[in-house]
Amino acid sequence: MGCIQSFRQLCDYPKNTNVHISFPAVCFVWQTAMIILFGIFIRYNEESDPHWVEHKKANNLSDLDNDFYFRYPSFQDVHVMIFIGFGFLMTFLKRYSFGAVGFNFLIAAFGIQWALLMQGWFHSLDAEGKIRIGVENLINADFCVASCLIAYGAVLGKVSNVQLLVLTLFGVTLFAVDEYIIVSVIHARDAGGSMSIHTFGAYYGLCISWMLYRPNLNQSSRLQGSVYHSDVFAMIGTLFLWMFWPSFNSAISDHGDGQHRAVINTYLALASTVLTCMAISSLFNKHGKLDMVHIQNSTLAGGVAVGTAAEFMLMPYGALIVGFCCGIISTLGYIYLTPFMEKHLKIQDTCGIHNLHAMPGLIGGIVGAITAASASKSVYGEEGLINTFDFEGKFKDVVPTQQGGYQAAGLCVALCFGVGGGILVGCILRLPIWGDPADDNCFNDEAYWELPEDEEAASPVLHYNNHMQNKDVAESHFTMEQT
Amino acid sequence: MGCIQSFRQLCDYPKNTNVHISFPAVCFVWQTAMIILFGIFIRYNEESDPHWVEHKKANNLSDLDNDFYFRYPSFQDVHVMIFIGFGFLMTFLKRYSFGAVGFNFLIAAFGIQWALLMQGWFHSLDAEGKIRIGVENLINADFCVASCLIAYGAVLGKVSNVQLLVLTLFGVTLFAVDEYIIVSVIHARDAGGSMSIHTFGAYYGLCISWMLYRPNLNQSSRLQGSVYHSDVFAMIGTLFLWMFWPSFNSAISDHGDGQHRAVINTYLALASTVLTCMAISSLFNKHGKLDMVHIQNSTLAGGVAVGTAAEFMLMPYGALIVGFCCGIISTLGYIYLTPFMEKHLKIQDTCGIHNLHAMPGLIGGIVGAITAASASKSVYGEEGLINTFDFEGKFKDVVPTQQGGYQAAGLCVALCFGVGGGILVGCILRLPIWGDPADDNCFNDEAYWELPEDEEAASPVLHYNNHMQNKDVAESHFTMEQT
Amino acid sequence: MGCIQSFRQLCDYPKNTNVHISFPAVCFVWQTAMIILFGIFIRYNEESDPHWVEHKKANNLSDLDNDFYFRYPSFQDVHVMIFIGFGFLMTFLKRYSFGAVGFNFLIAAFGIQWALLMQGWFHSLDAEGKIRIGVENLINADFCVASCLIAYGAVLGKVSNVQLLVLTLFGVTLFAVDEYIIVSVIHARDAGGSMSIHTFGAYYGLCISWMLYRPNLNQSSRLQGSVYHSDVFAMIGTLFLWMFWPSFNSAISDHGDGQHRAVINTYLALASTVLTCMAISSLFNKHGKLDMVHIQNSTLAGGVAVGTAAEFMLMPYGALIVGFCCGIISTLGYIYLTPFMEKHLKIQDTCGIHNLHAMPGLIGGIVGAITAASASKSVYGEEGLINTFDFEGKFKDVVPTQQGGYQAAGLCVALCFGVGGGILVGCILRLPIWGDPADDNCFNDEAYWELPEDEEAASPVLHYNNHMQNKDVAESHFTMEQT
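Residue numbers (this note's numbering), protein chains in the order written: chain H, 15 to 497; chain C, 15 to 497; chain G, 15 to 497.
Simulated from the structure, these hints should not be mistaken for laboratory data. Each hint should be verified, as a subset may be incorrect.
You can't tell identical chains apart in this list, so a pair holds if it fits in one copy or across any two.
[As the list claims (entries may be wrong)] Taking lysine-lysine pairs in the DSS-like style, the calculated list, with each CA pair at most 25 Å apart, reads:
#  : residue 1 : residue 2
1  : Lys300    : Lys144
2  : Lys303    : Lys410
3  : Lys71     : Lys360
4  : Lys29     : Lys360
5  : Lys408    : Lys357
6  : Lys300    : Lys357
7  : Lys300    : Lys408
8  : Lys391    : Lys408
9  : Lys70     : Lys144
10 : Lys144    : Lys357
11 : Lys410    : Lys71
12 : Lys71     : Lys303
13 : Lys410    : Lys391
14 : Lys357    : Lys410
15 : Lys391    : Lys71
16 : Lys303    : Lys29
All values derive from a computational prediction rather than experimental measurement.
Taking the hints into account, I'd like the entire structure generated from these sequences.
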């Protein structure tokens, strides 16, 4: 720990947010690399290739058997969660809405390309050394990027766009390895990604934030809150995440009953979470008032926590119970844990991802392990058990209790990758070359965005807050009033 | 009427909006009850159960025959209408956006759980006493909640969150009985719910609002308007409702031509409504200007009014005519009827649900009855007629004219349930225990929400409006300017 | 050119934005005409008619073979792009959000009705003289309207709602002829409409804007920018367009591999565009800051540019390359071309549609021609080639190089229709009867909308900008502060 401390101090340096050269350079180099790698590796799979018509005839299929029709509606819902959901959820800060929605867009657009390659190398490489992609790969790429967007939540407002691209490059890489180990090596099931997406992404972000700890962040405290309209914008993100979470958890689960069941479980868990989240928010406020931070975030915890078990026989009441608990835990996390972590653990977690993704993700992994371990032929049916847990090929002799162990092992892997990867990438991001903002200039779009000219006049909030520092402005303003 | 008057006075009392204990208590108790009841009653149906694989083989089906693939895209559209559509439609008030979108979220999340139970008891109870749920139940639960959200529109800004939970508990209960009588007993068809959802929900809300009449509501008039940005937020709600209404009306109609036709009719009715709504809005303004209130609401009336007849042979031009008339009637309602109702009938209808849901719902019921009564084998084909009106089982000898009568009867039932239920629940909500706001504190998020700290400074509107009452604030402000 | 100049001057006249009579009259007359024409011409097609059940049995189909299930999810995505996407994209102006989203709504709602008729007459007229409509016609109607909404982008804030209805009437008519020639006569393929929608729509709008040139538009310059929140609203439009563009380009392409491939290509092209757009935006700013105008618009250029070739074998890396180039070109267009066009070509292009639709549309047409010309049986397979390019009937002997020529010819037709139609309609719109705003009152919702009463107080931006003109207001304000 001492060495981390000294490394942190070593990297302190006067800040310069000018990314005039570095940002365009990184974008161009990486996008060019993507084109070259796609040229070498990526091809259409048999369902998106014009030879489909022959394949269809040979196998006596209809066009509807194309996986496209099973998955495309869910894919679009997931896509909305990634770009609108995560993007707008982070617009709550009064002066960081451009950064929230714009950098979210940047991360996701770059990340999905790199994810198609990384996941392709691990999962879809064919005998000719080509990656054959179809709609399921697009969904998986969106999933992969979700883990980086979760991590962004922890460092929101405190990093430059160049740092975010680095965070994404490593995040996607780590995710692909992590997911390969969890799903293919250990044979844990994780359709909605409680472990591989949420647990990994959250601890990855939290450890980066820990490495980038800013002792003087309170110099930006004037910008660290919301205003009325920015809270309403954030609700757009919240609601699209909440509504489409059933699609997230069912997007890549088994055709037929698997997708159907995942939707029902997620729908119920989320509904239950809303009530307990609001109850706790009101109970712990001295006037019984609700806090928008809780509503925007903790109402989603139930969706995270049924990510792994959504396609299992969690049972409808089981889903309600998971949601019930997560609504409580996540909201209490915002009230007690986030301030504690900032004060004592030196982890500054802008969006509270520890409460929304880390804890519910861990719960989701545990619920998945328990549900898997207690599976039985009487409940699932003989074939149902095989289908649901994929007890085929070299895993055909696995029994449910073993599978429960695999699930637990998967959770540990996700945790380790998150913590280890976060510390590593945090070290890299501390180097004095990335153009991150100074402590008194965090949560401020002005560092990386051309703001509309009349902003000063348009936002009395900032104006009055900065009053004492800006006497000359105030005076000229006063003079105007007298004219 | 005299007794209602005296009951109203009896319940007048000094207001206290502190729901510190009551709100969390209600949430926890009800959510716990849901878990217990779900544990006893709710199970997966055969299409969402792992035994699906056996069922599929036994009946020679493919995965695509799972109802999930017929209905899930429509379900997600309906879900968006419930949470984003209704939620954002009500954000138009300058200081009640949190309440609009947040309490909408609360009502819907609680209501869908209770609706799954209530509707299940009436429609899906199997021999073992279990309710078997699948995607169609989720859609129906969303539909049921829609009626409560419509009712919320009438009392928006004037009730506490505890009252809303009570309104929802009773609303869902009444809806389930109402719908059972309309659809199963009377055998009226009502795919898009003009009668069971809109007519019932609107009169339920209007009667509650009548019971909760506030003679001194003008004390809150400073907060009863919109501001520029809140009107733009409301357009998000309007447009998502408008765009996805075809999914709403087709979500549970017959597979194949039924869903297809319902979409076409709804699409056309809505398009037509937009033009006549805007025309009337401009015509009745002395400068020919458009009024956002009309655009936000009356453009949707056509969707309500084809709810019942959407799956019938309304014909494309018929759909346009219905939309044409509803655009006119609904907009005129906002101009003349809403002020009249407030002044003379003591019904304060915040969102104008009488114009958007009640009148178009009644029209929809009548259009449905006429369309059904004039159905013929030459237009529908022999089998088409049976499929469309479900002339099977004990209803196999029904003729279209009879069906027209059934439809009319259904409309009357919806109306009675709405009015009766509204008066009953209105009485309950008048009891002095629910924490509703005082007359001078309506339409104000401050009563139930922690607002961002800098609100006072951030919103000159409120500041200047309250100027005379807050001289000390103004003076300190002035002093700052001089510093 | 001289004669156009004199025609322009001839039509200069004192402006009166009162559309009290003309706007409602046009709406009512046109909507009535729609009802009559729909009554004469429009019927359900066999998949939305109750006789479907007989058709299904006769052809041994299942309900799932109904085109509804292939296209409805894409249709809804396209619908969102039209109403939310285009509508909110244009809300960026500080005082024209009502007009952006409201008139967009008006145009689209009218246009889809007229498009169903126009396209029906050209494409779906049956032996009995009836147009048989189904979900594909609804998609095509939405597509057709898109071209008018693109044109609206060029004249945003400078025309009246009556002018927009005229623009739409002619735009839809021209589009239908244009598309008939491109697709049916010339036999060019254009699934995503790079040519028929984007190229045509953009040049149509630009030429109208050229005809309506306002030399004194700088009198409205105080209103020609954005404010912080209006830029966030615009991002809602951007993101919904971006996310659903794969549905746009695949909505009417071939079932099976065609739709699947179009989605993949569009997804990749758009991802690539985001990175190069942001890179250029930062590179050409002296502090390396990003400009919201570029992010809101140029990130979409890749979707436009793969519109034609999305269903061809563009290859994943090909899609990335197209996106890469368009991100650069479109962003540079905003930086250099838009000011140049305004200054030297007298084309005032409010939303920069030349950069977002015209140039990428031309690129898309060229990419389509090249990709088609280089098609081969080895890549597509024998049947795949026939399916993809529809080498059937009288076109069964066409070879790919010929098809490349057809594509190029299609692009020229789109360009000619856009330019010619725009000049013609521009002349009509210059007549002094349409109620358009004066040069100092452009970009101002006040001309056509009842604004919330308290706007003056609520928006310090306008207040301070107008300060010098409104001394009395300022003084009374000051007096209040002293009270």
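Of all the hints given earlier, name the ones this structure violates by number, lowest first.
Numbers 1, 2, 3, 5, 7, 10, 12, 14 - these are the hints that the structure violates, sorted from lowest upward.
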